[in-house]
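Colleague: Chain by chain, the residues:
There are 2 protein chains.
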Amino acid sequence: MTHFADSLTDRITRTSPVCVGLDPALDKLPEGIDHTPAGVAAFCRGIIDATADTACCIKPQLAYFELLGWEGMKVFWEVCDYAKTKNLLVIADGKRNDIGSTCDAYAEAYLGKGKPVDALTVNPYLGFDGIAPFIERGEKNGKGIFVLVKTSNASSGELQDLPIGDEVVHEHVAELTTAWGKTCLGPESGFSSVGAVVGATYPEELKYLRSLMPHPIFLIPGYGAQGGTAKDVAGGFHANGTGAIVNASRSIIYASKGRDWKEAAEKAAKDMAEELSKEIRK
Amino acid sequence: MTHFADSLTDRITRTSPVCVGLDPALDKLPEGIDHTPAGVAAFCRGIIDATADTACCIKPQLAYFELLGWEGMKVFWEVCDYAKTKNLLVIADGKRNDIGSTCDAYAEAYLGKGKPVDALTVNPYLGFDGIAPFIERGEKNGKGIFVLVKTSNASSGELQDLPIGDEVVHEHVAELTTAWGKTCLGPESGFSSVGAVVGATYPEELKYLRSLMPHPIFLIPGYGAQGGTAKDVAGGFHANGTGAIVNASRSIIYASKGRDWKEAAEKAAKDMAEELSKEIRK
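Protein chains in written order, with our numbering: chain G, 2 to 283; chain B, 2 to 283.
Quick caveat, the hints were computed from the structure, so don't treat them as lab data.
Please note that the accuracy of each hint is not assured.
Just so you know, same-sequence chains aren't split out, so a pair can sit in one copy or run between any two.
Okay, derived cross-link-like pairs now, BS3-like style, lysine-lysine, Cα gap no bigger than 27 Å in a straight line [said to hold, decoys possible]:
(1) K208 / K141
(2) K208 / K271
(3) K141 / K279
(4) K268 / K232
(5) K114 / K29
(6) K114 / K208
(7) K263 / K208
(8) K141 / K29
(9) K85 / K114
(10) K75 / K114
(11) K75 / K29
(12) K141 / K268
(13) K75 / K85
Let's have the full structure, built from the sequences with the hints guiding it.
Modeller: Rendered as structure tokens:
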């Protein structure tokens, strides 16, 4: 069994730090795709085919699958299975959080042995009780988590930037995240299976948070449609070009609404990988 | 269409503030129930039958249904539908959180028109961007949310009790929660459709938070198996015995592991309603 941080780092090195966000909203599906769960499945498989050679991982956003009821969840698991056959790592974006045996249930649901999910995003508001079951299950099964540290939305500061002494809340969460994962380092990469979500819309913070969190792998959302550029995210990487993945959803999966959507997604992912490679590994 | 806070208050008055938490873990199911999704469905229907005359609402915990894959989510929706036929309100305990169109997707998934869910628990770490779509959808469809303010677990203080100036983080979240719901008051009850989750293991805080949050309805977990008593939760209620619901999961649904589990659940719910009625409405 390979450690999650080692698998991801290896995959980043072989492909790119591009993470493709699968946010399949029915009303945004391209021409020729049915507005049904089966259509969503076909669309996601098409995006996977188009980007599997370029991206290190996909990040299906659970909300869009849950919106389709249990049929949507069936598609979610089918899509994850399909991505694994293409050697993509799968990060389930669910921002789950709970405590005790309920947290265990979420951990087993997504990070259980043999599940086609490699990592799950989690929310830290409940403290370590809401994180430990995910870490334990992850360590056992070669899987990981990404803790929300600083998100990319406008109102993220309402809680995350509240001043506590010399620092702000999200900096404290950054330190907690580092501490939570300090015994979970991959033997090859040296990175932790406890990663951090750090928004790309705050490039200066990204650099500072990198210094607070040397071991967590960063999952950086907000690229492309949300306004982040390759320059903005560069500070999230280590000097050797590892330690971070950058997510783009809409700018890749909806690169074209026409019948050329697969080709457009492939090109968008390749362009993004190239843009990133110019700014990192320097 | 009735306002969520009015529906819930009316139901509390007619029955009790007891909220029955449905946490159907396969390994805890009573004798005679199959350890399958169909078994979980039968168990949940049995608990609903046993408690529908006593409880104001049920709170299915999504983690346990997600753990069973898409078949589990099918059961989740069936159970919610069934609860509605028994006049119970349904609070989906998912602690969901996201931003923008993804948050919209969660809001529509659970608080959409015609969905058999009346309210959803949500996590405030992302700020108002992660709350507004739920409020908007709720106001449109007579549904509500419960924002995690102070949770009942041991490590909840790691973030929630961090000092910010004269107060701590969860007090600030309490003020935000009140503000977020200030235009969402039920015309009959005067309560807000933006409720608050406040753990029962901190009775003094509960009283203080009541003063900070006059309008949100409190969802108080931690009763019974988690250690909270009727005395502990009394401070969460308004003087007229409304404004709060109290959740118990294990102490009701697993009151007996034998073939008398339905009768035991019925009795546990009735006992709890009686204990609460002694401490509140004074």
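Colleague: Does each hint hold? Answer for all of them.
Modeller: Structure-based check of all given hints:
{"no.": "1", "hint": "K208 / K141", "verdict": "neither (31 Å within a copy, 42 Å between copies)"}
{"no.": "2", "hint": "K208 / K271", "verdict": "within (25 Å within a copy, 56 Å between copies)"}
{"no.": "3", "hint": "K141 / K279", "verdict": "neither (37 Å within a copy, 48 Å between copies)"}
{"no.": "4", "hint": "K268 / K232", "verdict": "within (20 Å within a copy, 63 Å between copies)"}
{"no.": "5", "hint": "K114 / K29", "verdict": "between (34 Å within a copy, 21 Å between copies)"}
{"no.": "6", "hint": "K114 / K208", "verdict": "neither (35 Å within a copy, 44 Å between copies)"}
{"no.": "7", "hint": "K263 / K208", "verdict": "neither (34 Å within a copy, 57 Å between copies)"}
{"no.": "8", "hint": "K141 / K29", "verdict": "between (38 Å within a copy, 23 Å between copies)"}
{"no.": "9", "hint": "K85 / K114", "verdict": "within (14 Å within a copy, 36 Å between copies)"}
{"no.": "10", "hint": "K75 / K114", "verdict": "both (18 Å within a copy, 23 Å between copies)"}
{"no.": "11", "hint": "K75 / K29", "verdict": "both (20 Å within a copy, 25 Å between copies)"}
{"no.": "12", "hint": "K141 / K268", "verdict": "neither (37 Å within a copy, 41 Å between copies)"}
{"no.": "13", "hint": "K75 / K85", "verdict": "both (16 Å within a copy, 25 Å between copies)"}
When each numbered hint is compared with the structure, violations occur for hints 1, 3, 6, 7 and 12.
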